[in-house]
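The listed protein sequences correspond, in order, to chains A and B. Here the numbering used here = 1-based position in the first sequence + 1. Here the numbering used here = 1-based position in the second sequence + 102.
To be clear, the hints were calculated from the coordinates, so they are not data collected in a lab. Yeah, the Cβ is synthetic: ideal placement off N, Cα and C, and Gly gets one too. Do not take every clue at face value.
Claimed, not checked - Residues from chain A that keep clear of chain B, each with C-beta distances beyond 10 Å, as calculated:
1. Asn64
2. Leu119
3. Pro128
4. Thr158
5. Ala370
To be verified - One-sided excerpt, in silico: chain B residues whose CB lies under 7 Å from chain A:
6. Phe117
7. Gly118
8. Asp119
9. Ile124
10. Leu133
11. Gly280
12. Asn281
13. Leu284
14. Ser285
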Amino acid sequence: MAPANQHLAWQEVRDFSPGLWTVSTALMPPNAAQVMTDCYPSQGGGLRAWFKPSNISTTGIANLAQEAVIGMASRGGVAIRAGGGDTSDRYLATYSSTDNNVRLYRMDLTAAATTWTLIKLFAAGLPAPNPMTFVVYQLVAGGVLGAVHMIVNLYQTSADDGVWSVNYADSAVAKILGANGGPVAVHQSRLIAGRNDGNVAFTGPGNETFGTNLVVVEPSRQLSAVTGMQSYSPGDLLLFKRGAPIFLVEGDLTDYTLRQMNDSKNPNTLFTPSYTPDGLAFVCGNDGIYITPEGQTIIPKSQALLPGTWVGTGTSFADVVIGDVSFTGHWMVAPRGYVMDYSTGAWFSSSFLSGAAGVDGRHHCIDRAYQLILAATGGRSFSLYQYDTSEDTAHRAESFTWKSAPLRDPSGRQLQIREVQVAGQAFGAASTVVVTVNGTARNSPVISGRFNESFLFRESAELLDVQVVSASNTVGVEAPMVEAVRIGSRSMHLIY
Amino acid sequence: MTTFVNLRKRASQRFGDPSFSIVADTTSATLPSWDDYINEAYRDVLQASPLWPWNEAQPANLTFPANTFAGVALPADLWQVEAVWDQTDFLPLVPLEGRSDYLNQYPQQNEVGIPQHYRIFNSKLFIYPAPTVSTQVRVDGVQRPADLVSGTDVPVFPVAYHHMLVDGALAYAYQDDGNLDLSKASAMRFEGILARMRQDLLQYRQERYPEIVDTFS
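Whenever a hint applies, use it, and build me the whole structure from the sequences.
Here it is, written out as structure tokens:
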């Protein structure tokens with residue numbers, strides 16, 4: 002039963018694709034959201050629950066209260082050692098504020114590991130290290146594939162500064178390059194390592210011997226340290242530097258042509274550039290998320306979010322670095338729990354990774370074999386999560402929150418919201434929807450199947466918004482999908 | 103019998119707001135309430151005619167001390183005096199018509215004797231001349247019934263017309279809600295039932311000419 006409401010002005014929000022909008026608090030597209038947590042806009046309209054992660058154990062971390070994550074990697078699609086199927090080999094790097102040591106852990110699921118094993122305690126060093134980058138490198142000798150190594154870098158004022166190789170077979174850790182352990186990547190069948198002086202060291206094809214091989218990349222420029230590298234089509238190498246232009250190294254590393262590209266956006270800490278359909282994504286520290294197709298064109302992707310979102314201002318050392326961008330499916334995961342649905346361009350946030358401003362959720366990686374997102378909450382005493390991005394209902398969040406843009410009456414008078422209708426579909430018999438206007442909350446009855454619930458209000462103010470919380474109230478059941486939010490309002494007094 | 107709480111409940115149902123989200127059941131700091139709307143409609147009904155039988159007040163007996171020229175306060179809820187009777191002397195008292203008639207007839211304002219006239223001023227009853235002995239005066243009038251307060255209160259008029267209070271309350275509620283169409287519709291129903299009640303209850307009182315009381319003898 003609903004009151005006669007034909008005298009109300011109705012606004013229906015079906016297209017939620019502007020997504021989360023934090024760059025301004027009041028002025029935003031009328032269908033943007035002040036809060037969009039654990040849900041994303043479906044193409045064509047509606048809101049659907051994003052994914053709920055499962056926990057990854059932190060057992061085995063030496064001192065969880067003092068260690069913070071500085072990098073992680075997961076290599077999926079690896080045959081289980083005991084035979085039968087395949088799974089992932091995972092690595093986690095932390096830095097401890099107690100002993101100033103970087104620790105490298107491994108959880109080898111191919112050997113049925115369920116906890117972390119410390120495989121390398123690096124020498125103590127100060128200040129806190131740069132983020133650690135990882136790359137899988139398979140040795141080749143005489144045209145025959147050999148051992149698989151996980152290559153990591155340690156870039157810190159420390160006796161162990163350098164590039165390290167972890168043997169998949171036995172976890173043996175060996176230093177393969179001395180100082181200047183910048184980001185690592187594989188390019189033209191070679192292992193490459195960016196250096197603090199702006200140049201790039203590289204090995205022979207299929208081996209781990211760097212020797213004196215060097216790509217000289219304008220080392221005389223200010224802020225030349227290499228912060229990110231990625232092999233790039235059609236066989237070139239794209240180099241990001243701390244404060245210098247992006248460079249494209251064309252041709253064979255032993256006979257290259259150097260091209261200077263755009264100099265407007267510089268990622269200023271170590272990171273692994275992620276592939277997206279439009280190019281490589283990176284974080285420009287105090288500015289935003291960008292994608293470059295070739296180093297010259299730089300496309301801003303996070304204009305809806307406050308630039309300060311990405312600034313590392315946390316007080317928990319070792320996580321104040323900017324963080325990673327990861328891409329899988331149509332999800333681009335940025336630091337601090339922000340995620341972009343690449344299909345609509347909408348940003349939203351995952352509540353599981355949000356926390357204290359500045360230190361939350363900056364490190365994550367993709368398991369490419371299984372389209373998993375592995376992520377750590379920020380700072381010390383971190384948690385580890387695994388998101389399964391399979392587009393089914395089983396892995397989705399059990400509740401989500403959407404809060405509309407601030408609403409005004411076009412006449413300049415007070416706005417009175419009298420009714421909110423939420424149409425959608427519930428997946429569980431205990432589902433509910435709660436709508437809040439101006440601090441007044443109205444709960445739906447328990448809903449199941451398709452629903453169209455009416456929530457009555459009499460809330461007046463010059464500026465109002467509508468918050469919808471959808472919840473299945475059942476573990477493992479997706480929160481009700483919202484297809485449309487209709488807001489019935491009318492003009493009120495000119496002043497109080 | 104329609105109690106106050108049932109009238110509020112019926113109004114909220116017809117308004118489509120049984121959970122009292124838009125209009126509160128009882129007085130609220132933030133929302134309008136059905137108890138106010140029902141009482142506003144109730145007052146409209148009571149004020150629609152001074153001739154409603156339930157408006158006729160129970161006699162109020164006032165005592166005038168001997169040789170006192172001051173007026174005696176009328177009951178607070180008596181808002182129209184229809185008849186005044188000197189019960190001590192068994193005489194009807196006649197109103198002093200006109201603004202200055204009481205001065206024309208009793209210029210000294212200290213005349214004493216058997217009271218013959220009365221005057222209402224400032225919610226007080228004055229009688230002239232002032233009695234020489236303590237005198238009981240009966241006052242009949244029109245008294246406004248009190249608002250509905252308790253949930254078990256019942257409107258004073260016949261139950262057959264109680265539902266007009268719901269329509270009247272809805273007219274106010276829809277008007278405040280900006281829904282003028284339904285406000286007008288509710289107001290029309292309210293007025294229609296009120297007109298019917300007026301016809302049903304007052305018609306016989308007007309079927310004959312009013313009595314002319316001979317006051318000259």
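Taking the hints in turn, this is what the structure says about them:
Against chain B, the non-interface label of A/Asn64 holds: every CB pair exceeds 10 Å, the least being about 53 Å. With a minimum CB-CB distance of about 59 Å to chain B, A/Leu119 clears the 10 Å threshold, and the non-interface call stands. A/Pro128, annotated as away from the interface, keeps every beta carbon of chain B farther than 10 Å; the closest lies near 55 Å. Against the 10 Å criterion, A/Thr158 stays outside the reach of chain B, whose nearest CB is about 62 Å from its own CB.
Remark: the non-interface label on A/Ala370 is consistent with the geometry, its nearest Cβ contact in chain B lying 52 Å away (cut-off 10 Å). Hint status for B/Phe117: holds, given a least beta-carbon distance of 5 Å to chain A, under 7 Å. Interface restraint check: B/Gly118 against chain A, minimum CB-CB distance 3 Å, threshold 7 Å, status holds. Hint on B/Asp119 holds. Least Cβ distance to chain A is approximately 5 Å, under the 7 Å limit.
Interface hint at B/Ile124: satisfied, since its Cβ lies 5 Å from the closest Cβ of chain A, which is below the 7 Å cut-off. With its C-beta approaching chain A no nearer than about 6 Å, B/Leu133 sits inside the 7 Å limit, and its interface hint holds. At a threshold of 7 Å, the smallest CB-CB gap from B/Gly280 to chain A is about 5 Å, leaving the interface hint in force. Here the hint on B/Asn281 is kept, as its CB sits about 4 Å from the closest CB of chain A, short of 7 Å.
Taken as an interface hint, B/Leu284 checks out: its beta carbon lies about 5 Å from the nearest beta carbon of chain A, inside 7 Å. Proximity of B/Ser285 to chain A is violated relative to the hint, the smallest CB-CB distance being about 9 Å (cut-off 7 Å).
Of the numbered hints listed earlier, the single one contradicted by the structure is hint 14.
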